[in-house]
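Undergrad: Same order as they appear, the protein sequences are chains A and B. If you read the first sequence in numbering that gives the first Met the number 0, its first letter stands for residue 0, the second for the next number, and so on. If you read the second sequence in numbering that gives the first Met the number 0, its first letter stands for residue 0, the second for the next number, and so on.
Certain hints may be false.
Since the list can't tell identical chains apart, any single copy or any two copies may satisfy a pair.
Pairs of lysine-lysine residues, derived as DSS-like cross-links and limited to a Cα-Cα distance of at most 30 Å, are as follows [to be verified]:
(1) Lys-60 - Lys-74
(2) Lys-45 - Lys-106
(3) Lys-60 - Lys-112
(4) Lys-137 - Lys-19
(5) Lys-198 - Lys-116
The hints are simulated quantities; they were obtained by calculation from the structure and are not laboratory data.
2 protein chains.
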Amino acid sequence: MDRTIEVCFTPKLFADITTKGDYIVVLADILRATTSICAAFQNGVKEIIPVAGLEQARELKEKGYLVASEQDGKKLDWADFGNSAFNFTREAIAGKTLVYCTTNGTKAIDIAKQADKIVMGAFVNISALTEWLVRQNKNILILCSGWKNKFCLEDSLFAGALSEKLLAHPGFTTCCDSVHASMALWDTARPDLFGYLEKAAHRHRLKKLDLDDVIPYSFEPDTTRVIPVFEEGVIRNAG
Amino acid sequence: MDRTIEVCFTPKLFADITTKGDYIVVLADILRATTSICAAFQNGVKEIIPVAGLEQARELKEKGYLVASEQDGKKLDWADFGNSAFNFTREAIAGKTLVYCTTNGTKAIDIAKQADKIVMGAFVNISALTEWLVRQNKNILILCSGWKNKFCLEDSLFAGALSEKLLAHPGFTTCCDSVHASMALWDTARPDLFGYLEKAAHRHRLKKLDLDDVIPYSFEPDTTRVIPVFEEGVIRNAG
Numbered sequence: 000m001d002r003t004i005e006v007c008f009t010p011k012l013f014a015d016i017t018t019k020g021d022y023i024v025v026l027a028d029i030l031r032a033t034t035s036i037c038a039a040f041q042n043g044v045k046e047i048i049p050v051a052g053l054e055q056a057r058e059l060k061e062k063g064y065l066v067a068s069e070q071d072g073k074k075l076d077w078a079d080f081g082n083s084a085f086n087f088t089r090e091a092i093a094g095k096t097l098v099y100c101t102t103n104g105t106k107a108i109d110i111a112k113q114a115d116k117i118v119m120g121a122f123v124n125i126s127a128l129t130e131w132l133v134r135q136n137k138n139i140l141i142l143c144s145g146w147k148n149k150f151c152l153e154d155s156l157f158a159g160a161l162s163e164k165l166l167a168h169p170g171f172t173t174c175c176d177s178v179h180a181s182m183a184l185w186d187t188a189r190p191d192l193f194g195y196l197e198k199a200a201h202r203h204r205l206k207k208l209d210l211d212d213v214i215p216y217s218f219e220p221d222t223t224r225v226i227p228v229f230e231e232g233v234i235r236n237a238g
Numbered sequence: 000m001d002r003t004i005e006v007c008f009t010p011k012l013f014a015d016i017t018t019k020g021d022y023i024v025v026l027a028d029i030l031r032a033t034t035s036i037c038a039a040f041q042n043g044v045k046e047i048i049p050v051a052g053l054e055q056a057r058e059l060k061e062k063g064y065l066v067a068s069e070q071d072g073k074k075l076d077w078a079d080f081g082n083s084a085f086n087f088t089r090e091a092i093a094g095k096t097l098v099y100c101t102t103n104g105t106k107a108i109d110i111a112k113q114a115d116k117i118v119m120g121a122f123v124n125i126s127a128l129t130e131w132l133v134r135q136n137k138n139i140l141i142l143c144s145g146w147k148n149k150f151c152l153e154d155s156l157f158a159g160a161l162s163e164k165l166l167a168h169p170g171f172t173t174c175c176d177s178v179h180a181s182m183a184l185w186d187t188a189r190p191d192l193f194g195y196l197e198k199a200a201h202r203h204r205l206k207k208l209d210l211d212d213v214i215p216y217s218f219e220p221d222t223t224r225v226i227p228v229f230e231e232g233v234i235r236n237a238g
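Please take these sequences and the hints and turn them into a complete structure.
TA: Next comes the structure, spelled out in structure tokens:
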């Protein structure tokens, strides 16, 4: 039986997905949550507790946890870190538990909790992730975090790149229009990815906030083999 | 002041649009409502009353109106017509008022009522529509009807084709990721449009219902100059 692939362009469309049976959600928040989570595991974080609300993040900070938290792309002053991959150095996080709260990413985790598993996808772990997904023998839903419920280019580009890699394996199939559209988008952008990204609205948002230093890192494929999997409230490395 | 273009991939995302000020909604339901509405005006229908609910359509049928109504692509037995452009022959509709109820199209009209104007867009009127939009001097939101809240290829392809035509005029600008994505999709599909459409999930749905005879007509550009505009509950030809 072929395994299906579906792409959901924003969490707001999650209620209408058609994927059935056992499935894995690949969460994509390329700028920046899922990329940063991969970076944190690459640098030895023990586990990450994602929270959707600022209040909960602040409570855990008061209990002594290390907390990464941002709103609209900006670090909150009471938090230990913002949401940039570059914050999560080995010195700062190796062996530790990190509480993580973001505008889009952790809310998407919250929405996708009904899935069998949720795994963090990014360009930085795309090949290791593909191999891991091939071994899982489940249907796949790629959930783009988007930006405030809206479609965004960077997550959709990743959805196209990952769909293409998965469909190159026998045993995967799709009848999802969003998969085809994201692959067309990836195909258009690939020859000059950074030139194409100049068009992305979110890139300009990040530029405005002086946070666009993570862009080259976020689109560099395969700098890590970590597989951050969310299960029972915690993200751990299954790679 | 440049006019903005935004694409909304499904009515479910309409609440989160960023277009501000006076704007025109271009509604796209290529298979088949907006294409069929253009065909009806090309064949001389006087006006079209769109209704979102089957009950209301049936009441108007009992009052003596001609009614086109379908559910999931199939004509309802009590209706005069289904939703195919080929139903609306000159003999059947010239000079008459038509009540029109569809799964996706009229619901999208209902959602977009807050706009200054709603105009029906399709490949069959794309050039006349572009010229008309250029003359209106308003921001533009292209609203894809989608399929049961989901992204669909055929409406998004049209959004890309129309965005490209509008952006070729000075005075239009966009910072909408969905505009860029739909133009990439259109660029990919254009060299072999019908080959590409084989991928569209909805095409297979129509095939199953034996309704795919309208496909070549629906993607043939510029077979009409009608501009069906919805205002105050009624669609009339502004072309």
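Undergrad: Determine for every hint whether it applies to the structure shown.
TA: Going through the hints against the structure:
no.	hint	result
1	Lys-60 - Lys-74	within (14 Å within a copy, 60 Å between copies)
2	Lys-45 - Lys-106	within (22 Å within a copy, 49 Å between copies)
3	Lys-60 - Lys-112	within (24 Å within a copy, 46 Å between copies)
4	Lys-137 - Lys-19	within (10 Å within a copy, 43 Å between copies)
5	Lys-198 - Lys-116	between (33 Å within a copy, 29 Å between copies)
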